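Novice: Here are the chains, one letter per residue:
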Amino acid sequence: MKILAIAATSVQRLFRDRTNIFFVLLMPMLLILVLGAAFGGESDPRLGIVSGGSGALESDLVERIEAIDGVAASRWDDRATIILAIERGQLEAGVVIPEGYDEALLAGEKVNVEFAAKPEESAQALTITVQSVLTDQGAILQAASYAESKGAGTFAESLARAEGIAATAKGLDVEQSSAGEPFVFDQLGRFELGAYSQLLLFVFLTSMTGSTALIQSRQLGVSERMLSTPTSVRTILLGEALGRFAVALVQGLLIIVGTALMFGVDWGDPLGAAATFIVFSLGASGVGMLMGATFKNDQQAGGIGVMIGIGMGALGGCMLPLAIMKIFSPTLWKVAHITPHAWGIEAFEELILRGGTIADITLEIAVLSAFAAVVFALGAWRLRVSLTK
Amino acid sequence: MNGDGLVLECRDLRRAFGDLQAVDGVGFSIAEGETYGLLGPNGAGKTTSISMICGLLERDSGEVVIDGHPLTTKSVAEKRAVGYVPQDIAIYPDLSAKENLNFFARLYGLSGVERKKRVDEVLEIIGLADRANDRSEDFSGGMKRRLNIGIGLLHSPHLLILDEPTVGVDPQSRNAILESVENLSTEGMAVLYTTHYMEEAERLCNRVGIIDHGKIVAEGTRRELIELVGQRDRIRLRATGNIEAAAQATASMPGVYEAAARDDGLDVLVDNAADALTGILGTVAAAGVSVSSVDVDEPNLEAVFLHLTGRALRD
Numbered sequence: 007m008k009i010l011a012i013a014a015t016s017v018q019r020l021f022r023d024r025t026n027i028f029f030v031l032l033m034p035m036l037l038i039l040v041l042g043a044a045f046g047g048e049s050d051p052r053l054g055i056v057s058g059g060s061g062a063l064e065s066d067l068v069e070r071i072e073a074i075d076g077v078a079a080s081r082w083d084d085r086a087t088i089i090l091a092i093e094r095g096q097l098e099a100g101v102v103i104p105e106g107y108d109e110a111l112l113a114g115e116k117v118n119v120e121f122a123a124k125p126e127e128s129a130q131a132l133t134i135t136v137q138s139v140l141t142d143q144g145a146i147l148q149a150a151s152y153a154e155s156k157g158a159g160t161f162a163e164s165l166a167r168a169e170g171i172a173a174t175a176k177g178l179d180v181e182q183s184s185a186g187e188p189f190v191f192d193q194l195g196r197f198e199l200g201a202y203s204q205l206l207l208f209v210f211l212t213s214m215t216g217s218t219a220l221i222q223s224r225q226l227g228v229s230e231r232m233l234s235t236p237t238s239v240r241t242i243l244l245g246e247a248l249g250r251f252a253v254a255l256v257q258g259l260l261i262i263v264g265t266a267l268m269f270g271v272d273w274g275d276p277l278g279a280a281a282t283f284i285v286f287s288l289g290a291s292g293v294g295m296l297m298g299a300t301f302k303n304d305q306q307a308g309g310i311g312v313m314i315g316i317g318m319g320a321l322g323g324c325m326l327p328l329a330i331m332k333i334f335s336p337t338l339w340k341v342a343h344i345t346p347h348a349w350g351i352e353a354f355e356e357l358i359l360r361g362g363t364i365a366d367i368t369l370e371i372a373v374l375s376a377f378a379a380v381v382f383a384l385g386a387w388r389l390r391v392s393l394t395k
Numbered sequence: 495m496n497g498d499g500l501v502l503e504c505r506d507l508r509r510a511f512g513d514l515q516a517v518d519g520v521g522f523s524i525a526e527g528e529t530y531g532l533l534g535p536n537g538a539g540k541t542t543s544i545s546m547i548c549g550l551l552e553r554d555s556g557e558v559v560i561d562g563h564p565l566t567t568k569s570v571a572e573k574r575a576v577g578y579v580p581q582d583i584a585i586y587p588d589l590s591a592k593e594n595l596n597f598f599a600r601l602y603g604l605s606g607v608e609r610k611k612r613v614d615e616v617l618e619i620i621g622l623a624d625r626a627n628d629r630s631e632d633f634s635g636g637m638k639r640r641l642n643i644g645i646g647l648l649h650s651p652h653l654l655i656l657d658e659p660t661v662g663v664d665p666q667s668r669n670a671i672l673e674s675v676e677n678l679s680t681e682g683m684a685v686l687y688t689t690h691y692m693e694e695a696e697r698l699c700n701r702v703g704i705i706d707h708g709k710i711v712a713e714g715t716r717r718e719l720i721e722l723v724g725q726r727d728r729i730r731l732r733a734t735g736n737i738e739a740a741a742q743a744t745a746s747m748p749g750v751y752e753a754a755a756r757d758d759g760l761d762v763l764v765d766n767a768a769d770a771l772t773g774i775l776g777t778v779a780a781a782g783v784s785v786s787s788v789d790v791d792e793p794n795l796e797a798v799f800l801h802l803t804g805r806a807l808r809d
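If you read the protein sequences in the order shown, they are chains P and Z. In my numbering, each residue's number is its place in the first sequence (first place is 1) plus 6. In my numbering, each residue's number is its place in the second sequence (first place is 1) plus 494.
Calculated directly from the structure, the hints in this document are not laboratory data. Hints should not be assumed to be uniformly reliable.
List of simulated lysine-lysine pairs, DSBU-like, C-alpha gap at most 35 Å [to be verified]:
no.	chain 1	residue 1	chain 2	residue 2
1	Z	610	P	8
2	Z	611	P	8
3	Z	568	P	302
4	P	302	Z	709
5	P	116	Z	610
6	P	302	P	332
Here the structure is a predicted model, which is why all the values come from computation and not from measurement.
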């Protein structure tokens, strides 16, 4: 089919140039990696535990530490390895439970549990958390000791009773409430923010720079030669449009699949993500086609295309998150919505942050579809004029 | 092809760009197996005429009929009969020869085994089979020209239109291109060949249309054109013996316009040197003259063009 032949040749020519492979595929992945490392959401702090014994109290302490919310606890063999792991950044902190923990406590001796950490804020927070766990166990032990001293039974009997009371006691609770909306950063995984913002930025940018291929085709006389074959202008237009779209599609799919596999990015509702990406890519392809049909010089178009691509991406929230933009400049936030990027970002945030489905992003999809329809129509009209004049 | 064996008929083609009348009433026809040359200097209207014939350029007036079907800029199926080779090399430089041919073969409607077979055949015809998978940007100018021509041959068109296909080509590649065109014509393909190289038109074309300022000022076979302007072939004989007697005897032969004795031989003006030479040599020998060398000067299309337009082809 002629349309497919024209489209396939567009894709083939793009990836024939190795520099394009770098800028189209590797560069976005690298940026997502860098952004994830620099600004990505916090992951659980890693806490190592050295536990040599198998006593009930020691096991109870380990279970209490492992049960702490928001801490990734793991067991280690000895103190030396855990210290080395902290020094190498493999762990934020470590807890070393001394040998004979149970025996010492049951004998009424004081036991020192070692807490080792880097002098960082996150490690300091862990100190408090681990301290509270130790305090909890210590309180039960103190209660058991007190009961034993008052003749309420052996220490073991008193301990069992104290644990039972602690498990059923209502105790104190702190009621939490939040004020204001959380920042996007705080809700996203390490790579999500970079993934969807760079996806939109690079797909649009590639469509802009890819417009030079259309100009080159005209400059080389290949477009005119296509018209000398038994191929209608409409077929050529559709082929060129499909070619632009196919390039965006290939790039976008590789970024989506690549980030999901390599960085564990969750793109949310697949149907919603696919719809957002497709309509955004159609718009980007349409703008690329419009540029390719309007400019006569490929170098000029390439330079201006990069400027437009980066400029619209920056304005649309690919570099400064829209949530922050809205706080600091509501006007700028409103202006950002003249770009398809802003609508794409809001659609992805709905899917990824709030677990929305395609039904929740109908407005964004409608705006992106309208944008795509307008620029595609304009691009096709300009390209027809440039081919047939 | 229509009932008259004509593959192309174009009548009264006109096209103006602003005040410039680029093509002004051009018309000619080409039959199957015939090579028709449009000979004229740069800017004479050759490419504009071809663009209208191929349906690439809207015409102000006139008509183009290919294989009995009118062809306009809106025609699609009718273009199947035409193979167009533009003056500028129109290929993707970042694709290989084979990839370029495959791409255009698809646009010409070839598919599957037929496309593969035809691409391989054309690679052989243009002598690029051993470089089929090399990027065309690495080719020499001549190789690119050959690939440019090969694309126009992919679908075995009835009419091959070549717009100055040898511009900027080295002599070896040029000769290869001309040989290819000769072979295609022999195989029955109608060829429209534009050039401003007189020797190419003389070598390839059965008929030539001389175009200048958008008009065909004369048309015919090389012989007809030369006769049109009264030019004749000159045979120069270097000879010894009774040259005066030989000149008198030769002058009375049919087809001989003039025979003049010189110190070292004689000059003879004839309609057609090829036809007359054998008879002249016999007459001269009968007059007791010994001939040591023969030179033939045939008037060429350059002289015809100069006569018709008052300027040289490369002006």
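Novice: Among all the numbered hints in the text so far, which are the ones the structure does not match?
Specialist: 5, 6
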